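Number of protein chains: 2
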Amino acid sequence: MNKRAKENLVVIHGGGPTAVLNSTLYGIILEALRSSKIQNIYGAVHGIKGILSKEFWNLGKQTRNVIKGLLNTPGSAIGSSRYRLEENDYGEILNVVKEYNIKYFLFNGGNDTMGNAFKFWSHTKQSGSEVRIIGIPKTVDNDLEYTDHCPGYGSAAMYIASAVRYLDMDNRSLPTPVTILETMGRNAGWLAASSCVAKQQEEDGPHLIYVPERPFEKDAFLKDVEDVFSKYKRAVIVVSEGIKDKNGAPVYESESAADTDEFGHILPGSVSQILANLISRKLKIRSRSEKPGLLGRAWSSLISKVDQEEAIRSGKEAVQHIIKGEDGIMLTLIGDSDKPYHCSIGTVELGKAAGVQKCLPKHFISDKGNHITEDFRSYVEPLIGEDLPRFIKFVKN
Amino acid sequence: MNKRAKENLVVIHGGGPTAVLNSTLYGIILEALRSSKIQNIYGAVHGIKGILSKEFWNLGKQTRNVIKGLLNTPGSAIGSSRYRLEENDYGEILNVVKEYNIKYFLFNGGNDTMGNAFKFWSHTKQSGSEVRIIGIPKTVDNDLEYTDHCPGYGSAAMYIASAVRYLDMDNRSLPTPVTILETMGRNAGWLAASSCVAKQQEEDGPHLIYVPERPFEKDAFLKDVEDVFSKYKRAVIVVSEGIKDKNGAPVYESESAADTDEFGHILPGSVSQILANLISRKLKIRSRSEKPGLLGRAWSSLISKVDQEEAIRSGKEAVQHIIKGEDGIMLTLIGDSDKPYHCSIGTVELGKAAGVQKCLPKHFISDKGNHITEDFRSYVEPLIGEDLPRFIKFVKN
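Listed in order, the protein sequences are those of chains V and R. The opening position of the first sequence corresponds to residue 707 in the working numbering, with each subsequent residue numbered one higher. The opening position of the second sequence corresponds to residue 707 in the working numbering, with each subsequent residue numbered one higher.
It should be emphasised that the hints constitute simulated quantities derived from the structure, not laboratory data. Note that the coordinates shown come from a computational prediction; the quantities given were computed from them, not determined experimentally. Any given hint could be a false lead.
Said to hold, decoys possible - DSSO-like mimics (lysine-lysine), calculated; alpha carbons at most 27 Å apart, straight line:
1. V/760 / R/939
2. R/939 / V/1102
3. R/1102 / V/755
4. R/939 / V/755
5. V/767 / R/1099
6. V/804 / R/1102
Chain V extracted, bound-state conformation (with noise of 0.2 Å):
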């Protein structure tokens, strides 16, 4: 068989959507296009078990208006999956491999799917196979190690940091004391640790932020809720909902440090509701908790025109670097620390990549606990980005 010019690409999407994957799809479309070593662009159905099961949508195919709407639609266009691979998958995916003439494969995800692309890798060297495979990072987590950040992280926090300030202007309008506003992240703070960009003056909201990688007290945080209710008359908290008491069990299921009832049950519940039942009763503030959840990653309307680009930019480098003939590697974002914000792509090795989840480091993290530092608002600004709202208020006269 002659080696043939022209082989084929696939795109797999891991895990959870954010609202700038499909803007990575985009650049990785118009990029493959643009090469004369790729033929067809396929993008797997619901990720590896589109592999397994052959079932692939045709992107090169679609047209220039489906493929510009990429960038304003959010979820995955071609379908994600949280599968894990087992070691019988990688013959049948070899197989399929040679079935439809594919060389080059695209994982776009988190720290599982980069765990994937790492023991598919490790399978096609062992194996003989000339595939190549390189990772894209995506999370609205912002977990994943070696990478300053992670496409999607940027507007998920424009959307976090827009919510507090929307709702610090409905908690201010009446005495309605206490509004949690619960974040996704069972296991790091990153995108509730970005709502602290919504404070603009001494009184604005979020006056307290609570995140996973410090043990939550009950009863310190309740004397800090006194205390900043006893400054402004009112509060606005932001919680992510993996925050763990001292012997590391999520509040949401653990009796010692969420509250039980008259009767000595646990009251389960979202953990922003566990926290205003509690300032209700032991405080007697009325407080309510908002919970957009998924609407945080999805709310394509508001996003970080920063990420996007860099959500972009990272499908095209991506198609670049497997032409020229690397492999086994995951992109990584390199943002720089000076002024004005610049952000170069490098790589880092998938092995090392794989499985590895990043915390928010001590500097980033008040010293109380209940708070973010400057140096993390230093961080996460530029990659929000200038969009936030702003909104008027009266002056006294």
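Go by the hints and put chain R onto chain V.
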């Protein structure tokens, strides 16, 4: 004392804000500035409380930029309250009326606010005071009688319908089979119902909608979810926070409709979380719930232009009516059922509108009580307008 040529107007906000409450304020300020009969435009700080404590914003003295900024500022820029007038407040208010030369009162709010306005108005008629009082409707719940709809509702409906479109894209991206969105609405299902507009094709969410006007039955609900799931392998469900069981008890606190844990304890929590737990446990289908709550009335970057225009207009017309000599009325919106949609402004006696709650009529709810009729869709679509987010989907080829 000579009759003063120019007298003062005061604006009072009552109840929860909407995304366009400040747009009505904008309309009031602009129109009052044009009037030769009005000297000062006061905003009572936190409603009636501000009158009793003589705290006012001088609205006519704000800069043009600040006044224009009201159009995208959520919450209540003057401050609202849930204060209920008591018998001995009337005298105090009339003292302030004299001291501040107030002639015109605009009460902007929902049922309770119209109740306050009516009580105060009745007192002024008995006491021979010459002040005039007009109510301007406002509520995200859309539950005021005598008006086709309320300013504020269209924007909250826009938020909910958009949220379902975003969630639907997320839901179809990943095998996270069931997503439940909880909307505000203790007794009236107008907001949950508005989500129907998200659906464009049969397969789109919301697949099920539950409102407080129909008794919620756990078994019928589980059957509904199973049916949808067997068809689409996923489900997007919308539920009002206030759905009730057949005894009229809210599901979020009712043992008969909600679920109990293995010890027979009631599981409290937001209603959407109770339902998500129920599905996960009884149907063994992974399920999660989202509750954006107050974000749905504060998200001023995603409003209905139709709603905002009507909010501004109701502010302007309230000023026109009151300086013309009208008194003791609430403005109403009269939606035109012809196409294209057109809305004119009418009036109703305050005494009629006060304290009456309008729920979804029967012909707006589907026979099975798990969705909304085309009749309702025709009613709500013009209030939301044309700006709902639209997304692309790939074509198989």
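Results for each hint:
no.	hint	result
1	V/760 / R/939	holds, 20 Å
2	R/939 / V/1102	violated, 57 Å
3	R/1102 / V/755	holds, 17 Å
4	R/939 / V/755	holds, 16 Å
5	V/767 / R/1099	holds, 13 Å
6	V/804 / R/1102	holds, 22 Å
In summary, the one numbered hint that this structure violates is 2.
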